[in-house]
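Q: Taken in sequence, the protein lines are chains B and Z. Letter by letter, the first sequence follows residues 66 to 476 of my numbering. Letter by letter, the second sequence follows residues 66 to 476 of my numbering.
To be clear, the hints were calculated from the coordinates, so they are not data collected in a lab. Among the hints, erroneous ones may be present.
Copies of the same chain look alike in the list, so a pair counts if it fits in one copy or across any two.
Unchecked claim - Heads up, simulated DSS-like pairs for lysine-lysine below, C-alpha to C-alpha not over 25 Å straight-line:
no.: 1; residue 1: Lys370; residue 2: Lys251
no.: 2; residue 1: Lys251; residue 2: Lys312
no.: 3; residue 1: Lys370; residue 2: Lys122
no.: 4; residue 1: Lys122; residue 2: Lys412
no.: 5; residue 1: Lys251; residue 2: Lys122
no.: 6; residue 1: Lys312; residue 2: Lys412
no.: 7; residue 1: Lys122; residue 2: Lys312
no.: 8; residue 1: Lys251; residue 2: Lys149
no.: 9; residue 1: Lys370; residue 2: Lys312
no.: 10; residue 1: Lys149; residue 2: Lys412
no.: 11; residue 1: Lys251; residue 2: Lys412
no.: 12; residue 1: Lys438; residue 2: Lys312
There are 2 protein chains.
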Amino acid sequence: MTTSPLSRRRLLGTAGAAGAAGLVAGAAGGVAGTALAGDDTPPLSTVGSTTVMFHGKHQAGITTAPQSRGHLAAFDLLPDAGRKGAAALLRRWSRTAERLTAGRAVADDTAIALDAGPSSLTVTFGFGHSFFSRTGLEDRRPAALDPLPAFSSDALDPRRSNGDLWVQIGADDALVAFNALRALQKDAAGTARVRWQMNGFNRSAGATARPMTTRNLMGQIDGTRNPRPEEADFEQRVFVPGGGGAKDPEWMAHGSYAVVRRIRMLLDDWEELSREEQERVIGRRKDTGAPLTGGTETTPLDLEKTGPDGRPVVPANAHARISMPETNGGAALLRRPFSFHDGFDEKGVPDAGLLFVCWQADPLRGFVPVQRKLDRGDALSPFIRHEASGLFAVPGGCQPDGYVGRELLEG
Amino acid sequence: MTTSPLSRRRLLGTAGAAGAAGLVAGAAGGVAGTALAGDDTPPLSTVGSTTVMFHGKHQAGITTAPQSRGHLAAFDLLPDAGRKGAAALLRRWSRTAERLTAGRAVADDTAIALDAGPSSLTVTFGFGHSFFSRTGLEDRRPAALDPLPAFSSDALDPRRSNGDLWVQIGADDALVAFNALRALQKDAAGTARVRWQMNGFNRSAGATARPMTTRNLMGQIDGTRNPRPEEADFEQRVFVPGGGGAKDPEWMAHGSYAVVRRIRMLLDDWEELSREEQERVIGRRKDTGAPLTGGTETTPLDLEKTGPDGRPVVPANAHARISMPETNGGAALLRRPFSFHDGFDEKGVPDAGLLFVCWQADPLRGFVPVQRKLDRGDALSPFIRHEASGLFAVPGGCQPDGYVGRELLEG
Chain B
66 MTTSPLSRRR LLGTAGAAGA AGLVAGAAGG VAGTALAGDD TPPLSTVGST
116 TVMFHGKHQA GITTAPQSRG HLAAFDLLPD AGRKGAAALL RRWSRTAERL
166 TAGRAVADDT AIALDAGPSS LTVTFGFGHS FFSRTGLEDR RPAALDPLPA
216 FSSDALDPRR SNGDLWVQIG ADDALVAFNA LRALQKDAAG TARVRWQMNG
266 FNRSAGATAR PMTTRNLMGQ IDGTRNPRPE EADFEQRVFV PGGGGAKDPE
316 WMAHGSYAVV RRIRMLLDDW EELSREEQER VIGRRKDTGA PLTGGTETTP
366 LDLEKTGPDG RPVVPANAHA RISMPETNGG AALLRRPFSF HDGFDEKGVP
416 DAGLLFVCWQ ADPLRGFVPV QRKLDRGDAL SPFIRHEASG LFAVPGGCQP
466 DGYVGRELLE G
Chain Z
66 MTTSPLSRRR LLGTAGAAGA AGLVAGAAGG VAGTALAGDD TPPLSTVGST
116 TVMFHGKHQA GITTAPQSRG HLAAFDLLPD AGRKGAAALL RRWSRTAERL
166 TAGRAVADDT AIALDAGPSS LTVTFGFGHS FFSRTGLEDR RPAALDPLPA
216 FSSDALDPRR SNGDLWVQIG ADDALVAFNA LRALQKDAAG TARVRWQMNG
266 FNRSAGATAR PMTTRNLMGQ IDGTRNPRPE EADFEQRVFV PGGGGAKDPE
316 WMAHGSYAVV RRIRMLLDDW EELSREEQER VIGRRKDTGA PLTGGTETTP
366 LDLEKTGPDG RPVVPANAHA RISMPETNGG AALLRRPFSF HDGFDEKGVP
416 DAGLLFVCWQ ADPLRGFVPV QRKLDRGDAL SPFIRHEASG LFAVPGGCQP
466 DGYVGRELLE G
């Protein structure tokens, strides 16, 4: 019933290759219950029955295929919680996450998710910069949590930024995700309170005939250049090494750093551009995601190619050119965003965009250099606005007898 | 590729009865593309490929199985739009809805939904009370649109209530739904502007092993007593008869009236009750939805049965007792709600509940008597708050050469 990271994509890819068009309905690996004897039907599980293990070397929700529904929330410790209260909270949270991700109910279950399976639920916990001073653990604060530099395109709302603790919830069912959010909020009562909370979504499992990189609300295929687990340097780009690495404390072994940005898309402005203008802003075709220099979605950009006018086919300020790892000293981050849409304002302008979440072993070699370059000359900048920001240290996964952050809080 | 109303539930029910546990992943009827020759695999479509016809006797989105994502929006006509502008808008909207529900792109497509199938998209249009004075059509306004009575539990926000025009969008993919919302908003430019807009959700297709009545955010199975299409009086309870009926104008033939209420759930208060207390408030078990007097979800309440203390097992003020058709002079309405969750307030209280949408041939024999009874003595009242309200006349469906509302606007 468990699936290995990113296996949905792989499994669906396999099914697609076998020509079973229209057969797979978006479920990930694993059989629901036992296979029926003498039945040759391929073992498909429902969307609901897919389980992502909570325990493991890394926390779930990082390399897990993006779910269709997501909640991000930051919590602040209450003044008298301290290190002991925080440890008890992380212990409760881990136990709740373990139960819910396995499709079991918590003690004071409200039945919202009663009939649904785990629906690929993942719960991921992180610590913000302020957590360490609140708990007297400054000496264990990773240098990587030093505040992000300011960027010229920032319009950050401090009330929706940062926070002592961070929780990322993802599931392929909205009620399962909400149930987890409420259960974790209840666990926090008396110890921490919600600082901010945001809702996001991605394509539903099975909405496309073949597995695809998801699209964002600008209509752009988004995430093509993500590092892939099969690449040799994937682990070292995304995760802190075992033992803690040169700059990281030991408790961050197998952990990762999450940068969270609420990126508002100025969709009315964006949609005034023609399809061709939009494609020059990005440097890729909208329909296939292929570079304007040709090929398919995964073909590398040809940075040198010029058009009949002698100018680069992929403009010098195109988003895809500026954000590509090759132009950023090899920087790489694993993007795993959700889209958001929180209605319209009184003028009918959508409050919508991207809950950008990216993962890296070191923000100073991941998000920061990429964003710095984008900040200087990205053609996409006029159409987006960073409205909130967070940076969180996400420790490695825990074992059944432990809890997330134990090495920090009891070490 | 098309499905008849409510067929997902029926189809899933059939598959479940055949014992194919875990096989069906929530897709509705119809084969994606053509069946593979010589392939005995049951014809399953993906979530994305399911199409709900826009054209028909009734508008889609009324008896259609509830989708996992929904948008409700009201639009107000601009001052100089008039009847002619409104007619042109409804013509554009109908054409856009026809294209998008068939999985085709609109002219100025932004590609958000490019790869996804129609994902059971439905778009439903209605007219509010104020529409008729804005367009000089007062003489065609149905009496059924007379304002709803005030209820003691109302705390209505006028800015999020009513409106000249109403649009209900549902889809099993969030990007498909958002794409439709934006396309309709663009169609309205120069003629109408968004008055209010709300986002909702339901269980994902395939999240439960068997098809089920959905749960709401109180954890309650919600919709058990809905009238069913196979019942003899279903049509007459939900739809205005052909020709228009005794009280209805002819242009409302085969139409229905939608009552829309944003019902905030006071979840923190609700969750302070024990499971047993919650069940006495409702009169049904939380796990199965069965009456407290025994049986299964579909067993009728035994109103007379008393417990060892001599008091009714289903309390006199239980929600299920008060809202049941048998205690409301046969009133019946088709509930088709979405849940909503718009984050937390600064105290951590969830802004969550039910986007209640109900359908009936006559609000004075549907919503109004039921809500009046609930208003007087429903044990659930302390835990909910009606925050917005709308009442809309939803005409019958149109044919390919027509548009929704043509009989009103050109008649």
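Q: Taking the numbered hints from earlier one at a time, note which ones the structure violates and give those numbers from smallest to largest.
A: Those not satisfied are hints 1, 2, 3, 4, 5, 6 and 9.
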